[in-house]
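> Chains as they are written, first to last, in our numbering: chain P, 114 to 447; chain F, 9 to 339.
A hint or two may mislead.
To be verified - What follows is a list of derived Cβ distance ranges for each label pair: (1) Arg79/F - Glu163/P: 40 to 46 Å; (2) Ala205/P - Gly194/F: 26 to 32 Å; (3) Arg350/P - Leu311/F: 42 to 48 Å.
What the hints assert, rightly or not - These stretches of chain P come out as covered by chain F in the derived footprint (C-beta under 8 Å, 3 or more residues): (4) 141 to 152; (5) 243 to 253; (6) 413 to 423.
No wet-lab data here; the hints were simulated from the structure. Beta carbons are placed, not taken as given, at the ideal position from N, Cα and C, and that holds for glycine.
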Amino acid sequence: MVRYIIRRLFETIPVLIGVSIVVFSFVHLIPGDPALVMLGERASEENVAELRERLGLNEPLPVQYLVFVGNILRGDLGRSIQGNKPVAGELARRFPATMELSFISLFLASILGIPIGVISAVKRNSLIDTASMVGALVGVSMPIFWLGLLLIFIFGVYLGWLPTGGRLDVTMDLEPITGMYTIDSLLRGDWDAFGNAVKHLVLPSIALSTIPLAIIARITRSAMLEVLHQDYIRTARAKGLHEKAVIFRHALRNALLPVVTVIGLQMGTLLSGAVLTETIFSWPGIGRWLFNSIQGRDYPIVQSVSLVIALIFVLVNLLVDLSYAWLNPRIRYE
Amino acid sequence: MSQTQSTQSTASVPALEKVTELRPYRSPTRDIIERLLRNNSARLGGIIVILYLLTAVLVPVFDHYDALRDRDLRARLKAPDCLIGWVSDHLAGKEEIPSLFEYPCEHPFGCDDLGRDVLRRVGHGASVSLGAGVVAVAISLIIGASIGELSGFAGGWVDSVFMRIMDIMLAFPTLLLAIAIVAVRGEGLVNAMIAIGVVGIPTYARLARSMAISLREEDFVMAAEMVGASNWRILRVHILPNSLAPLIVQSTLGMGTAVVETAALGFLGLGQQPPYPELGKMLADSQQYLSAGKWWAMLFPGLAIMLSVLGFNLLGDGLRDTLDPRLRGVD
Numbered sequence: 114m115v116r117y118i119i120r121r122l123f124e125t126i127p128v129l130i131g132v133s134i135v136v137f138s139f140v141h142l143i144p145g146d147p148a149l150v151m152l153g154e155r156a157s158e159e160n161v162a163e164l165r166e167r168l169g170l171n172e173p174l175p176v177q178y179l180v181f182v183g184n185i186l187r188g189d190l191g192r193s194i195q196g197n198k199p200v201a202g203e204l205a206r207r208f209p210a211t212m213e214l215s216f217i218s219l220f221l222a223s224i225l226g227i228p229i230g231v232i233s234a235v236k237r238n239s240l241i242d243t244a245s246m247v248g249a250l251v252g253v254s255m256p257i258f259w260l261g262l263l264l265i266f267i268f269g270v271y272l273g274w275l276p277t278g279g280r281l282d283v284t285m286d287l288e289p290i291t292g293m294y295t296i297d298s299l300l301r302g303d304w305d306a307f308g309n310a311v312k313h314l315v316l317p318s319i320a321l322s323t324i325p326l327a328i329i330a331r332i333t334r335s336a337m338l339e340v341l342h343q344d345y346i347r348t349a350r351a352k353g354l355h356e357k358a359v360i361f362r363h364a365l366r367n368a369l370l371p372v373v374t375v376i377g378l379q380m381g382t383l384l385s386g387a388v389l390t391e392t393i394f395s396w397p398g399i400g401r402w403l404f405n406s407i408q409g410r411d412y413p414i415v416q417s418v419s420l421v422i423a424l425i426f427v428l429v430n431l432l433v434d435l436s437y438a439w440l441n442p443r444i445r446y447e
Numbered sequence: 009m010s011q012t013q014s015t016q017s018t019a020s021v022p023a024l025e026k027v028t029e030l031r032p033y034r035s036p037t038r039d040i041i042e043r044l045l046r047n048n049s050a051r052l053g054g055i056i057v058i059l060y061l062l063t064a065v066l067v068p069v070f071d072h073y074d075a076l077r078d079r080d081l082r083a084r085l086k087a088p089d090c091l092i093g094w095v096s097d098h099l100a101g102k103e104e105i106p107s108l109f110e111y112p113c114e115h116p117f118g119c120d121d122l123g124r125d126v127l128r129r130v131g132h133g134a135s136v137s138l139g140a141g142v143v144a145v146a147i148s149l150i151i152g153a154s155i156g157e158l159s160g161f162a163g164g165w166v167d168s169v170f171m172r173i174m175d176i177m178l179a180f181p182t183l184l185l186a187i188a189i190v191a192v193r194g195e196g197l198v199n200a201m202i203a204i205g206v207v208g209i210p211t212y213a214r215l216a217r218s219m220a221i222s223l224r225e226e227d228f229v230m231a232a233e234m235v236g237a238s239n240w241r242i243l244r245v246h247i248l249p250n251s252l253a254p255l256i257v258q259s260t261l262g263m264g265t266a267v268v269e270t271a272a273l274g275f276l277g278l279g280q281q282p283p284y285p286e287l288g289k290m291l292a293d294s295q296q297y298l299s300a301g302k303w304w305a306m307l308f309p310g311l312a313i314m315l316s317v318l319g320f321n322l323l324g325d326g327l328r329d330t331l332d333p334r335l336r337g338v339d
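Please model the complete structure; the sequences and the hints are all you need to start from.
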């Protein structure tokens with residue numbers, strides 16, 4: 114297992130180098146003078162020259178790349194064009210909001226998706242199975258931004274039950290500890306703030322969890338169906354085990370392997386979805402920040418957010434691979 | 009051991025004969041079409057996709073739309089009439105509602121904030137989505153399949169180099185990479201199509217590579233090598249045609265993804281620019297007056313995106329069941 118981990122870690126290095134090259138090249142793929150594009154047509158020549166100097170654009174490309182990587186390794190992600198603030202600090206401030214939303218969405222998708230998949234497989238071809246699989250297919254086909262707008266209209270505008278934007282009511286104040294408001298409010302024992310934070314989380318997390326939920330339900334169903342045909346399930350039934358024990362202790366445990374993989378891989382969907390969901394629900398995370406930075410042509414932020422998301426994605430994929438190898442010995446001995 | 013084999017072979021001969029008797033030869037194409045027509049998912053998906061294609065192709069042919077001039081301030085945010093208006097009047101409990109035949113029928117899906125007919129714009133938006141989807145999938149398919157076939161067939165350093173590049177692309181969530189590409193190259197439908205096409209390349213490359221690797225070991229490829237066929241001929245005549253089935257399935261599913269990604273980029277203001285109709289952009293614009301309860305400009309473009317994606321997903325699932333021999337007979 115240790116050898117497998119080391120091999121897998123080494124395989125990640127070229128990918129990380131590649132990711133850094135792709136992100137680095139963003140600025141150089143801008144048509145025309147990047148500094149001029151970032152500052153706008155009306156910028157003075159001195160300002161453009163100053164920005165070129167600040168971004169190191171006058172250096173040869175290899176030098177620029179090495180400086181870029183060196184800065185990243187030291188945790189320096191540069192300064193934003195608008196506001197001239199350090200990007201790393203801003204990123205750290207917004208990151209917990211995205212993580213809170215992503216974790217809750219993944220949690221929702223898993224605790225609903227797995228039981229739906231199990232029930233569908235056990236009651237195969239029943240009305241429940243057909244209904245949940247049609248639901249899952251609609252869920253996979255649903256554009257997340259449309260679902261967000263539908264939820265806003267139904268629960269925010271028409272019924273008026275839930276807030277449609279932000280993380281807390283403007284009248285409410287919460288001193289952050291972790292930056293995740295549900296946890297912070299619990300840590301401070303502020304139940305009003307907790308309730309308020311949860312209310313604000315409901316709609317965005319439903320919107321963000323729909324696609325992963327549908328995918329998890331479909332994968333759980335097909336994995337369960339495959340396992341339920343195995344000989345050891347027949348043996349378990351033959352020796353007179355209760356059906357519940359057969360399903361949960363024998364079938365589900367073995368079917369969970371591909372499900373765990375898929376849950377891990379949904380992180381990519383969540384992080385992409387965060388850009389859309391956060392934009393619709395005015396959620397102050399890194400997704401909305403990326404959107405605003407694209408509109409403001411603030412490329413250092415675009416680069417940093419893309420880099421961080423790619424790093425998380427690579428890391429999660431690595432963890433999924435390692436956990437899969439840990440659960441399934443055939444992989445690590447290949 | 010040899011005894012067992014001979015027993016098996018003698019036992020299988022009558023069984024084979026029986027099968028040949030029961031199933032006379034049918035052309036593979038006819039066989040596939042018949043199986044597709046028996047598959048519920050493919051049938052429903054096929055109907056939705058055909059309706060979508062007809063709308064997307066015929067609307068621009070029969071309705072000349074000038075997006076630059078289309079505005080009617082008298083019809084600003086007009087609610088849907090026709091059937092939807094009639095039903096919502098009934099639901100709202102209004103008095104003296106004319107019968108359905110006498111009910112006004114100018115804007116069945118209502119109008120947006122510039123008084124533009126939502127139905128008309130959804131129709132034209134559907135053609136934009138279709139065009140974008142076709143171009144994006146073509147880019148992914150042509151480049152991805154070429155890279156994959158070449159990598160799988162050539163092996164060695166060619167394979168390593170291409171696959172490492174694909175790994176790097178896969179290190180980014182697809183939509184995010186597309187957003188980044190458009191953000192860098194500039195907004196617009198053309199850049200959006202290219203970006204969506206480029207981020208789809210690794211999926212097709214991996215699929216084509218796995219097909220090429222397994223086909224390379226097949227007897228007919230080795231036979232072709234032995235009679236002196238060139239690598240190019242083997243790739244073109246033997247490997248590519250035999251790896252088409254999974255690529256067709258992936259392209260159908262990829263159309264759904266491309267349509268939704270085009271709309272996502274449009275929604276973020278990175279795709280088709282106003283005033284030209286595009287479903288994602290229409291949804292983004294509808295946000296401004298959603299809080300005032302004007303739901304129609306939000307409902308119908310979204311429904312159009314969802315139905316078209318659903319159609320391609322259903323058809324793709326059905327095609328996979330039909331074309332992939334490993335899944336045949338599972339259900």
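> With reference to the structure, classify each hint as holding or not holding.
Evaluated hints:
Roughly 44 Å separates the CB atoms of Arg79/F and Glu163/P, a value that falls within the hinted 40 to 46 Å. For the pair Ala205/P and Gly194/F, the beta carbons lie near 30 Å from each other, so the given range of 26 to 32 Å is met. Range check, Arg350/P to Leu311/F: about 45 Å between beta-carbon atoms, so the 42 to 48 Å window is met. Requiring three or more residues with a Cβ within less than 8 Å of a Cβ of chain F, the coverage given for the stretch 141 to 152 of chain P holds, as 3 such residues are present.
Counting residues of the stretch 243 to 253 of chain P whose CB falls under 8 Å from any CB of chain F gives 3; the rule of at least 3 is met. Counting residues of the stretch 413 to 423 of chain P whose CB lies closer than 8 Å to any CB of chain F gives 4, so the stated coverage by that chain holds, three being the minimum.
Violated hints for the displayed structure: none, as all numbered hints are satisfied.
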